[in-house]
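If you want the building blocks of each chain, they are given just below.
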Amino acid sequence: MNGTDLVALGPLLALGAAAVVTLLSIAVRRHQRATATIAGLGLVAAACALPAAADVAPRQVTALVRIDDFALLYIGLFLAAAFATIVLAHDDLRRRAEPHREEFHVLVLLSTLGACVLATSTHFASFFLGLETSSVALYALIAYPRSGPAHAEAGLKYLLLAGASSAFLLFGMALVYADLGALSFDGFAAALLAGRGTPALVWPALALVVAGASFKLAVAPFHMWVPDVYQGAPAPVTGFLATVSKGAVLAALLRLFVALGGVERPVVVWTFGALAVTSMLAGNLLALSQRSLKRLLACSSVAHLGYVLVAFLAAAPVALEAVTWYLVAYFVTTLAAFGVVTVLAGGDREADALDDYRGLFWRRPWLAALLTGCLLSLAGIPLTAGFLAKFYALAAGTSEARWALVVALVVNSALSAFYYLRVVVAMAAPAPAAAPARRVPLGAGVLLAVLALLLVGLGVYPAALTALIRATATALS
Amino acid sequence: MSLFALLLLPFAGSLLTAVLPTRARTALAACAGLVAAVAAARVVSLYPQIRDGGVIRETVSWVPSLGLDLTLRVDGFAWMFALLVTVIGALVCLYARYYMSPDDPVARFYAFFLAFMGAMLGVVFSGNLVQLVVFWELTSVVSFLLIGYWHHHVDARRGARMALTVTGAGGLALLGGVLVLGHIVGSYDLDVVLGSGALIRSHALYPVALVLVVVGALTKSAQFPFHFWLPRAMAAPTPVSAYLHSATMVKAGVFLLARLWPVLSGTEWWFWLLCGAGASTLLLGAFIAMFQNDLKRVLAFSTISHLGLITLLFGLNSPLAAVAGVFHIMNHATFKASLFMAAGIVDHETGTRDIRRLNGLMRSMPRTGTLALVASGAMAGVPLLNGFLSKEMFFAEAVFLTAHPTVEVGLPLLATLAGVFAVVYSLRFGYEIFFGEPSTDLPRHPEEPPGWMLKPVELLVVACLVVGVAPSISIGPLLAAAARPVVGGDLPEYHLAVWHGFGAPLVMSLLAIVGGVVGYLWLRSHQRSGRLNETPFFERFNGRRLFESGLVTATRLARRALRLVSSRRLQAQMFTIIGVAILLALLAARGVPLVWGDRERLPASHEFVLLWVIGMVCAVGAAVMAKFHRLVATTLMGGAGLVTALTFLWFSAPDLALTQLVVEVVTTILFLLGLRWLPMRLHDPSRRTTMRDRVRRGRDLLLAVGAGAGLAALSYALLTRPAPQSISPFFLDRALPEGGGTNVVNVMLVDFRAFDTIGEITVLGAVALTVYALLRRFRPPAESIGRPQQQRVLPSDVVTDLVKPRATGERAGGYMMVPATIARLLLPFSFVVAAHFLLRGHNEPGGGFVAGLVVAIAYLTQYVFSGTRWAEGRAHLLPPRWIAVGLLLAATTGLGAVAVGYPFLTSHTAHFTLPLVGEVHLPSAMFFDLGVFAVVVGATLLILTALAHQSIRAHRPPAPNKRTEAS
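Keeping their order, the protein sequence lines are chains A and B. First residue of the first sequence? That's 1 in our numbering, and the numbers climb one at a time after it. First residue of the second sequence? That's 1001 in our numbering, and the numbers climb one at a time after it.
These are calculated hints, taken from the structure and not from any lab test. It is possible that part of the hints are untrue.
A few chain B residues that face chain A, going by a derived Cβ cut-off under 7 Å, partial list only [what the hints assert, rightly or not]:
#1 V1134
#2 V1141
#3 H1152
#4 R1556
#5 R1559
#6 Q1573
#7 T1576
#8 L1584
#9 A1588
#10 A1589
#11 V1592
#12 G1896
#13 A1897
#14 V1898
#15 V1900
C-beta: ideal position from N, C-alpha, C; glycine also.
With the sequences and hints as input, model every part of the structure.
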């Protein structure tokens, strides 16, 4: 490891240092705004380290980590999402009036660090390390508020289920290593493609790895925890969980599959295709009858992962581009949606039930308009980022002539439009007796405005992002 | 003004009107009308460029990677549509100024209205199929907003939602179709697609693309079986209906069919799909329209019927029919917009739209009545009006079509029948409400509307008349320009004239008119006597019910799916995850038999098998008991740990065994100490185990056994194979020469992997501090403080220490005297043992970690037997200092190597001879190990202290209040 390696690792190091500094600052004095500022500055510092790292990219730092444009793009995305989470959480934590609100930020930083490691990992060891770093912090984040049992229940469920799934993942990795003698993605792929492994060991092992990763992605039938955890977690954490945690696992999977030279094998296509279709169906059907916005978004996220998998199954360059585009659009939309949920919370409870949104257009027109934009984007209506994302997924599906998946995608999109619109219709309904509204704090307001701009901007003028993603996709493949 | 500017103009106007004061009706109408008029003027000025089949193209790059460019393309057909969109838009703006009530938020109306106009222009101008879909969906969304404009009406909201669901879903189908087309052609550019007709029609995916595109078009144009949303959309304000549901949005569907006519038509698929849908819609819509009593619903069903006619015309695969279709699009837009406006005026002036209540309005509003009469004449197909011309062309096509005999006979019949129906509902609209005895019970006294409100209607009706009387002069060139691109460049022979000579088409027209009048009189007499007020027969199975029952079914299915695929119970969630993971693994292993490897096996002995059976029983027992009895579970876990230690010993790994043993002891003791403070298990005796529970548990057991067996089989298969590459030889070979010790494990810890060890002991210290910090404020609940159950049941008069221990002051002097004494005696011995382990660690089993744990165990026993107060009263343990000293020592050792020029943590082994002792083996790693020792002692003791101190704290108040805890 030399100086250049350290520069390449700069963003990760800055993020780790930021976590430590934040923790120490809490030891010196408890002050929520100061801690949030330090954590935010840490994220900014990590982001500032990105260009320097980009100059030395692509670079393999040890066997574990590879810094290339792909990784840096994802790291940037995670940093931005973490920043948004911290801004939103500032509002959320203040409202809750809990004691000990400061450590929240450390956890966000650590979880983001794990996610960034995942995006850079080229080795099963760093894959697992990143995954666990990201998850362990999330357990605490989900159960962070101590008022009421719902948060604790959500945290505990996530802990136990994620533990079980991690066990499968780890066992699968162990089997892979024991049979092929390689843990790096490249070594593993080379050994596998050379036919050195014992099929009876390697394939079940990979199935277990897929199962473990599917849990993190919340792909049906590993999705059952999603509604409970989404609902139980504080809204900013839910946004973080939905975006960063899933995006990181997808990034690592993309790397793994690129190393494997795509997903040409029929068994892989069938497995992921089946996962995609069940996710879409299960997610959308479940979402139809939800009475809570957070649960509804949770179910819809299951469906969206199904759409992403359709893109994932295309040949490598298209898949990279499509998945990344989808993720960016999904990040923007989801963060904005949960941002609205966060700032709408009043008193001692979150705005979760659909009834809380009745007549929102007449009470909070801007927030309602933004939420509508988010829902339309999730439904894939044109001029929002979500449309192009969905279009990418469809184009990826058609490029490989996977008609069954394309049809499933189209049908499910139609199905999903119904429940998204139900929320919009509820918001447009006559307002009930108006509850006193909390002012939107400045930080959150600015953030939501930026997200709204992105939501529409990406839908109208996608060229810049496309060019960026294309450059990174070629870097990886 | 470029095309892009023209396209952006309505959107800009939309933004402008959105920010104007919401009640400024005149200003808003003027602004919107001006925008529409300017756009219309610009469209008109494009005419010379497209008149002779010219095409205007403008392109801006959007997502080039996906073949998505913003391309605007105007040919004659698009131009004609743009003209309809802008001119009728401008007229409706004027009309709406008078129609909308002063209480309505008019700014919103005009903003949406102009946005819709922009979206519609976008559809029409699209030179790229994907872009067309984008604007297509945009029209759906904006129409949702417009239909739901009076959002306080539940009808409006529902109607809007239904319209959007149907047309939005259709748009998705269209998107799918467009993607398939793009896949076939390799481009989404309209010009390229239009040039690849033969390629597309011969492609295997042609039916897929066709069905998807047609579904998109049929939903938009409200064609059977998707026609049901249009009548519900009549909840919109009438200007919206006049614009969207006559001239523009519903025409988008047929626009698409015409647009792709050169590419997709000419096949059996096309013929049957479109003729089937078109013919059934034509007849069905006209039939239902006859029985409607709401003015707007009559018009809605008539629109459905007329769109069916247009669809049918395009479906006939004949260029002449296609020209007729284009012609009818124009005619229908003109007369239907005026009719909607007339209906709106009637509604506005009388306060009702019920045909049964409206009568004899001619007397009070003669101008409106005349206009409505003429327009409904056009709708009915009366000669000298524009509707007659296109209908005549249709009749001609129906008669001269060469196809299957049933079609040849059936189609003219069907056409005539639909003509009859059309006359009937036109009479009901135009004649019934304006003639006869004037109604007296109307909500408002009817009078003529303001002159400007009638102007748009007048203009449109005049257009109907002019076209109807002198078609070849007025509309001829326009029609030619518009129809040429549709049929692919070469116009067929046709004559636009009122008089074609006496032939079959004219006979059909006359039959339709006569039959219609007779039918109207017949129907009226029935309705006057209270019959036939509802649509017979068809009311029963219409698409709306299908739609709604579909939704209900979907909801019910979702509920069932909810129960099946989602559960809030952790048990079910875990079951699914494990089950599916195992299933996936099984599927992956399908077809590849698991065979054992050929590595040499160690002989099994009975003792060892027995040992493992015991260990497994302990482990399973611990898992089962964890729910029912924590103490037993902890003990059993210790048993399993012990078997593990013995296994290590069995395979000649005494160092591992030793470590495992002491770790087991420490963790068990700490567990036990911690258990003391956990609340009692809540046991509900009323909850009985049901059959269901037993089944569930049996199922879980099966899954657990299956999963365990599977993983075990995989592990076994792995163990029977030679490991591909192992790192153990590396360490075994180098431990002595490079690390200077023969205990490989210890050498790895303090030398090869010393860096890891430093990290680990740091973590250990941090964990201990965390435990301490977490438990610092913990107050045990009251029920954990009292005496244990067993001691509480004793009678109070028994006074010995043994049976009533709390009576004595200090535990170490009481019933614990004997074990406490033994434990105290053990303390110095354990120090000696620890020192022994520490010193010989480099070469023999032992080391700092084990030594630290031994000391920790010795202290733990003191706490357990003698009590916290006693132990701490006699020894100053200061665990944090142990940790600090240990860490410092380890770090200093490492830095020492740096000081003499070696990398961090390099070890050096010194051998020298001391008198009496003999040769001494003193590696520098010894100091490092000492650091490990200190950290382990400190960390364990700190955790211990944290737990033990609970007993000397005040317990929580008996009635805990959640609020106080949170604050």
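### Query
For the hint on R1556 of chain B, does the least C-beta distance to chain A fall short of 7 Å?
Violated. Min distance 9 Å.
### Task
Mind checking the CB of A1589 of chain B against every CB in chain A and telling me if the closest is under 7 Å?
5 Å, holds
### Cut-off 7 Å, beta-carbon criterion: hint that V1134 of chain B touches chain A
4 Å, holds
### Task
Let me know if the C-beta of V1141 of chain B comes in closer than 7 Å to any C-beta of chain A, holds or violated.
Cβ of V1141 of chain B sits 6 Å from chain A, so the hint holds.
### Message
Would the hint on L1584 of chain B be counted as holding, given a Cβ-Cβ threshold of 7 Å to chain A?
### Response
4 Å, holds
#### Entry: Restraint check, 7 Å cut-off on beta carbons, for V1592 of chain B near chain A
4 Å, holds
#### Entry: Hinted contact V1898 of chain B with chain A - closest CB pair below 7 Å
Nearest chain A Cβ about 17 Å off; hint violated.
### Query
At a threshold of 7 Å, is the proposed contact between A1897 of chain B and chain A supported by beta-carbon distances?
It is violated, given that the least Cβ distance between A1897 of chain B and chain A is near 19 Å, above 7 Å.
#### Entry: Hint status (Cβ of A1588 of chain B to nearest Cβ of chain A, threshold 7 Å)
4 Å, holds
### Message
Under 7 Å is the threshold here; is the Cβ of G1896 of chain B close enough to any Cβ of chain A for the hint to stand?
### Response
23 Å, violated
### Cut-off 7 Å, beta-carbon criterion: hint that R1559 of chain B touches chain A
6 Å, holds
### Task
Please verify that hint: H1152 of chain B, Cβ, nearest Cβ of chain A, below 7 Å or not.
The hint holds - H1152 of chain B has a Cβ within 7 Å of chain A, the shortest such distance being about 5 Å.
In this structure, the earlier hints numbered 4, 12, 13, 14 and 15 are contradicted, and the remaining ones agree with it.
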